[in-house]
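**Q** Residue numbers (this note's numbering), protein chains in the order written: chain A, 1332 to 1801; chain B, 149 to 461.
Keep in mind that the hints were calculated from the coordinates and are not lab data. Incorrect hints may have been included.
[Stated by the list, open to error] With a straight-line cut-off of 20 Å between C-alpha atoms, the simulated PhoX-like cross-links for lysine-lysine are: (1) K405(B) <-> K1584(A); (2) K1629(A) <-> K1754(A); (3) K1623(A) <-> K1662(A); (4) K406(B) <-> K1584(A); (5) K442(B) <-> K452(B); (6) K1592(A) <-> K1623(A); (7) K1584(A) <-> K357(B); (8) K1555(A) <-> K1662(A); (9) K405(B) <-> K442(B).
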Amino acid sequence: MLSLLADFIGELRAAGLPVSMSEHVDAARACEVIDLADRATLRTALAATLVKDGGHLPAFDAAFAVFFALREPPTSEGADAGVELSGASGAGEGPGPGRGAGGGGALSAAEIAEMIFAALRDGDAGALRQGAGEAVSRYAGLEPGRPVGGTYYLYRTLRGLELDALAERLRQSLGAAREGLDARLAEDEVAARLEDLRREVERVIRERLVADRGAAALAKSVRKPLPEDVEVMHATREEMAQLERALRPLSRKLAVRLARKRRRRKRGPVDLRHTVRRSLSTGGVPLELRFKPPRPAKPEIFVVADVSGSVASFARFTLHLVHAISSQFSKVRSFVFVDGLDEVTHLFEGVEDPAEAVARINAEADVIAFDGHSDYGRALSAFHERYARDLTTRSTVLILGDGRNNYHETHAEVVADLRRRAKAVYWLNPEPAAYWNSGDSVIAHYGAHCDRVVECRTLRQLEAFVGELA
Amino acid sequence: MSLDPRAEVAERLGLAEVPPARFSSPGEVRERLAMSDYLSDEAIASTTFLADRLAKPVLVEGPAGTGKTALARAVAEALGARLVRLQCYEGLDESKALYEWNYRKQLLRIQAGRTESGGAEEWRALEEDIFAEEFMLTRPLLEAITAEDPVVLLIDEVDRVELETEALLLEVLSEYQVSIPELGTVRARQIPMVFLTSNNTRELSEALKRRCLYLYVGYPSIERERDIILARVPGVSAALATRIAQVVRSLRELDLKKAPSVSETLDWARTLVVLGREEIGDEVAAQTLHILLKYQSDIERATKELLGGPARA
Chain A
1332 MLSLLADFIG
1342 ELRAAGLPVS
1352 MSEHVDAARA
1362 CEVIDLADRA
1372 TLRTALAATL
1382 VKDGGHLPAF
1392 DAAFAVFFAL
1402 REPPTSEGAD
1412 AGVELSGASG
1422 AGEGPGPGRG
1432 AGGGGALSAA
1442 EIAEMIFAAL
1452 RDGDAGALRQ
1462 GAGEAVSRYA
1472 GLEPGRPVGG
1482 TYYLYRTLRG
1492 LELDALAERL
1502 RQSLGAAREG
1512 LDARLAEDEV
1522 AARLEDLRRE
1532 VERVIRERLV
1542 ADRGAAALAK
1552 SVRKPLPEDV
1562 EVMHATREEM
1572 AQLERALRPL
1582 SRKLAVRLAR
1592 KRRRRKRGPV
1602 DLRHTVRRSL
1612 STGGVPLELR
1622 FKPPRPAKPE
1632 IFVVADVSGS
1642 VASFARFTLH
1652 LVHAISSQFS
1662 KVRSFVFVDG
1672 LDEVTHLFEG
1682 VEDPAEAVAR
1692 INAEADVIAF
1702 DGHSDYGRAL
1712 SAFHERYARD
1722 LTTRSTVLIL
1732 GDGRNNYHET
1742 HAEVVADLRR
1752 RAKAVYWLNP
1762 EPAAYWNSGD
1772 SVIAHYGAHC
1782 DRVVECRTLR
1792 QLEAFVGELA
Chain B
149 MSLDPRAEVA
159 ERLGLAEVPP
169 ARFSSPGEVR
179 ERLAMSDYLS
189 DEAIASTTFL
199 ADRLAKPVLV
209 EGPAGTGKTA
219 LARAVAEALG
229 ARLVRLQCYE
239 GLDESKALYE
249 WNYRKQLLRI
259 QAGRTESGGA
269 EEWRALEEDI
279 FAEEFMLTRP
289 LLEAITAEDP
299 VVLLIDEVDR
309 VELETEALLL
319 EVLSEYQVSI
329 PELGTVRARQ
339 IPMVFLTSNN
349 TRELSEALKR
359 RCLYLYVGYP
369 SIERERDIIL
379 ARVPGVSAAL
389 ATRIAQVVRS
399 LRELDLKKAP
409 SVSETLDWAR
419 TLVVLGREEI
429 GDEVAAQTLH
439 ILLKYQSDIE
449 RATKELLGGP
459 ARA
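Next up, chain B with everything else stripped away, as it sits in the complex:
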């Protein structure tokens, strides 16, 4: 227990020195994220802090549109680091995630070699030549590993890839290294911050979860949502922001097919500002509800429950 996890990872990677910690406390994380216009809460700030201190990736789960991807972006901005993003999709494989040999270029090289007089010696040289880094197309994972400048790696919607592809990520996530048969093992030159996001459409493997810290980002509390609106929507008054947050909270309580996400809340707030509304009465709400809700049945239900019905008192 005595060995610092960061020192351990640094030693394994063969780094000359242990990189300094990025944040001194969860409070600092919070402040610096706020400067990048990302309002975190206690859980988000502490988990980000721990990810750095324990040198572990963070798996972020939660409903769509609650700022999972935005978190990685904000952390990158706060650290002044480059964001390397791997967007996952079904059918993503090694050649799109890690690296690929540029065999068109290799073929050209071989064909160019043919014109000269060929011998066994020459072929060996050629073979060595065509498996050099020059003929390799680096994909996001390898790019993040080999980067010299500070990077934040974002593996977005990791639940979309197949189980087999998920295994591919394990080496990167736990060892921060990539094995390439023709070149050997490529080790990271720093300990990158890694975020994985998942919309929970399938169960991720135990192995992957074990290697990550887990962060569940749900819908924000009413106070935090109000602050987010105030921070992200220019020209909105505090009263209007509070009101918007209240309406959205009530909507989320209803049994809807798709509850309004934070990004939809922001869209709604912007619309109201553009329309020059300072108050949300029944009429304004009815006219603009379609920005928050994307299903006709949801809109009907919300209109009935929130606007039409008499008070339950």
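Looking at chain A on its own, in the form it has when it is part of the complex:
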């Protein structure tokens, strides 16, 4: 158990979770006082001692499911579990894909469908587990030894099960109305049950893959990066949704932190009135000094963002984050461009949730002047021409983009002039620093005139930079 635990923690660290030595010790101690055969308790014990952030739980669960997949307790469904395991080794040995279809004794497609339907309708977990096992044998077509994470097998199994028809049957069995609240509730109920099925199938596939290739190898294939470490430019759709979700609490936390920092930053002058008032209760001796709250000047922010395809999501995140903490700035003005430039500040005015405004940018901003390929030179010149006179020594300019100029002219001199007028010019680049200046990237030309070019590949880096700014 101890060496398994050490391997497991190694995997967690590889996935980016910060697990300290003392937490390792705690986990080991926790394992001593619980019933190890109970998988749910084991999961809780490890999660409680090793994971200290709700956002890290999905990554933990992915690793846990793999490492402790075959250590199911031999409970009432012990016989079923045994069947599944032998099924797994059978798939590993030879016929594999053909086993379900041709093998003697295997259930037919209709029987499997019936079995799963009945299990879902009655909420019978044991039957569902068995059905999922059969379905995987029949449809997934597991190929031993392939270094995959199982997403493809999951897709094949679910396609084989014809979920739409299954959903329709469930809907009918629930006897749902066609409209209104009833219909919606039934719909969500069906969705929840199908989700159970999906999870069960996923679990079976994972068990068989672990049997085939071992936990450590599979863990590597299914490893999930933490939301704040996902590279924004290369995120998958699922990761993107995760990022969107992570952004809101992130910006809220940042706002709270900055507001606090601002209030604590150097105390203001002594508030005589308040101090004298307080001293009355101590016989006129001013034991406690009271201070006026500090009022440091707030900076002014100009965000100039490239919203062309490759970096659009990065621009969206940054605009969202900057506007979410706009109370920390005296003014925030936003501009977006591809090869033309448009001001979008008004979209954020009077909107409670910056996400709404960001969503409207795509539809409403006029950013394409010619062919729809980024032209930094043209866009920055336009910015300079129209808005440079608004810059003061309290303004900070943020330029967002990968600096890939499609071989247009750079017009780097306008950036130099912006810097002369403003307090600072920063360039945020979502590309890894190693790729800068390769191909059509001309970041060095612009970088020479910026105070700093910052690599912002992940939310973590972005948050750190925006936090420094305020």
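Since the structure of chain A is already known, use the hints to place chain B on it.
**A** Showing chain B alone in chain A's frame:
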């Protein structure tokens, strides 16, 4: 690894004997919490069990209104212990969390001493005197540490305090002791159960998290929510409870500003019982939705999505 963590802590605190474990298994935790009308799930019960066995505080995180504070209250009730609560807020400091010298009383004492003939000897006596426990105002942390009777310490909304104040908690949480410069170190006379809750408005320090077990309490599953309604709302029928749980689950799926919490669900259930409704049709739902949802835009959205729209089928 061989030394029991409870024995280790007891030795450090100088307790005469290792206090007996409070629970024998996670299952027992569950049963005893249920007797205090708190329906736990596997994670809550096991983490509480571990907190006792490992002698560690529990950091409870999750959305508002999912029963984080209620958990501490229920554990206290199940153990027959007193709940000592420290409500955190911005600007909370040592003098409000730990202890404070009652300097008004000290001043009075000094002034009273002046009338007598003063000497160096007398001053020393006086000095010793005014830093006695008599002149100290104990605040929740110290109170929990020094208590003789069984206590459960609840540090509520710990994410509201500043980073500096958080450091103040560390000594209490890991060593169960408090250092007071004038008096020396005060050690706990028992190993208290400690719960910290956080609404996650800011990142807590690594040091604090390392010293705690972590428990994430999310929205309950539909079955558990139904059971909670049945346990907490008198006069509700099983059918109605199921129905309520279903509606709430559907609402939480929507992209709302503020999803309905468990406590709001309970409010809604009570309202329906008072109104004498056994069924939730479209009309009843539309009339009472404002109990579950607190933003006008959320109510509009829910009405549109749940009630107005035709079935997606």
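**Q** For each hint, tell me whether it holds in the structure or not.
**A** Going through the hints against the structure:
Pair hint K405(B) plus K1584(A) holds up; C-alpha atoms about 16 Å apart against a cutoff of 20 Å. For the given pair, K1629(A) sits about 12 Å from K1754(A) by alpha-carbon distance, which is consistent with the 20 Å threshold. Using a Cα cut-off of 20 Å, the hinted pair K1623(A) and K1662(A) is violated, with the two alpha carbons roughly 24 Å apart. Between the alpha carbons of K406(B) and K1584(A) the distance comes to roughly 17 Å, so the proposed pair stays at or under 20 Å and holds.
Using a Cα cut-off of 20 Å, the hinted pair K442(B) and K452(B) holds, with the two alpha carbons roughly 16 Å apart. Taken as a hint, the K1592(A) and K1623(A) pair is honoured in the structure, with Cα atoms around 16 Å apart against an allowance of 20 Å. With a CA separation close to 17 Å, the supplied pair K1584(A) and K357(B) stays within the 20 Å bound. Proposed proximity of K1555(A) and K1662(A) is contradicted: the alpha carbons are some 38 Å apart, above 20 Å.
In summary, the hint linking K405(B) to K442(B) is supported, as the alpha carbons are separated by about 9 Å, within the 20 Å threshold.
Hints 3, 8 from the list above are not met by this structure, while the remaining hints are.
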